[in-house]
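Peer 1: Sequence:
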Amino acid sequence: MVSINHELARQIAELVDTAFEGLEHVHRQNMEGKFEQTIPLFTDVIEAFTEIEKILALNGLLDNPGDALTSSTQSLKDAFDWMTNAYEKRDNVRPLEIMQLTLLPRYKKWQEGLRERLRS
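Each residue of the sequence shown is one higher than the one before, starting from 209 at the first, in this note's numbering.
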């Protein structure tokens, strides 16, 4: 099994938590109908996820296609894509629905799997 050093694991975990807080804030703002105002923060969350994904890939943590972390990472990427498409279509209902029913649950699952992997 591939592992990364303790300090890098800690930094990844912090970034994962911060990005989740950002997603929760985006969700709250979307619930208030402030869709346009959430775009910059949502973009920051995607950038954070992309950086985390790069680090995981560079350290071999996404090398096994059948692995739960690899699968949940791809699933989360799909959810980010759906959310991005909903924003691009300027559909005020769809981002809220995708966030609540797809993106947040997938992020939580990915976050838990990643934390477990970082501890091992």
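By construction, these hints were calculated from the structure, which means they are not laboratory data. It is possible that part of the hints are untrue.
Straight-line alpha carbon distances no greater than 30 Å define the calculated BS3-like cross-link-like pairs of lysine-lysine that follow [unchecked claim]:
| # | residue 1 | residue 2 |
| --- | --- | --- |
| 1 | Lys242 | Lys285 |
| 2 | Lys297 | Lys317 |
| 3 | Lys285 | Lys262 |
| 4 | Lys285 | Lys297 |
| 5 | Lys316 | Lys262 |
| 6 | Lys316 | Lys297 |
| 7 | Lys285 | Lys316 |
Distance ranges between label pairs, derived from CB positions [to be verified]:
| # | residue 1 | residue 2 | range |
| --- | --- | --- | --- |
| 8 | Ala221 | Gly268 | 32 to 42 Å |
| 9 | Asp275 | Glu244 | 12 to 22 Å |
| 10 | Glu305 | Gln245 | 32 to 42 Å |
| 11 | Pro313 | Glu222 | 14 to 24 Å |
| 12 | Pro248 | Glu305 | 17 to 27 Å |
Idealized CB from N, CA, C, for every residue including glycine.
Peer 1: Compare the structure with each hint and give your call.
Peer 2: We went through each hint and held it up to the structure:
no., hint, result
1, Lys242 <-> Lys285, "23 Å, holds"
2, Lys297 <-> Lys317, "27 Å, holds"
3, Lys285 <-> Lys262, "13 Å, holds"
4, Lys285 <-> Lys297, "18 Å, holds"
5, Lys316 <-> Lys262, "19 Å, holds"
6, Lys316 <-> Lys297, "26 Å, holds"
7, Lys285 <-> Lys316, "13 Å, holds"
8, Ala221 <-> Gly268: 32 to 42 Å, "18 Å, violated"
9, Asp275 <-> Glu244: 12 to 22 Å, "38 Å, violated"
10, Glu305 <-> Gln245: 32 to 42 Å, "18 Å, violated"
11, Pro313 <-> Glu222: 14 to 24 Å, "22 Å, holds"
12, Pro248 <-> Glu305: 17 to 27 Å, "21 Å, holds"
This entry does not satisfy hints 8, 9, 10, going by the numbered hints stated previously.
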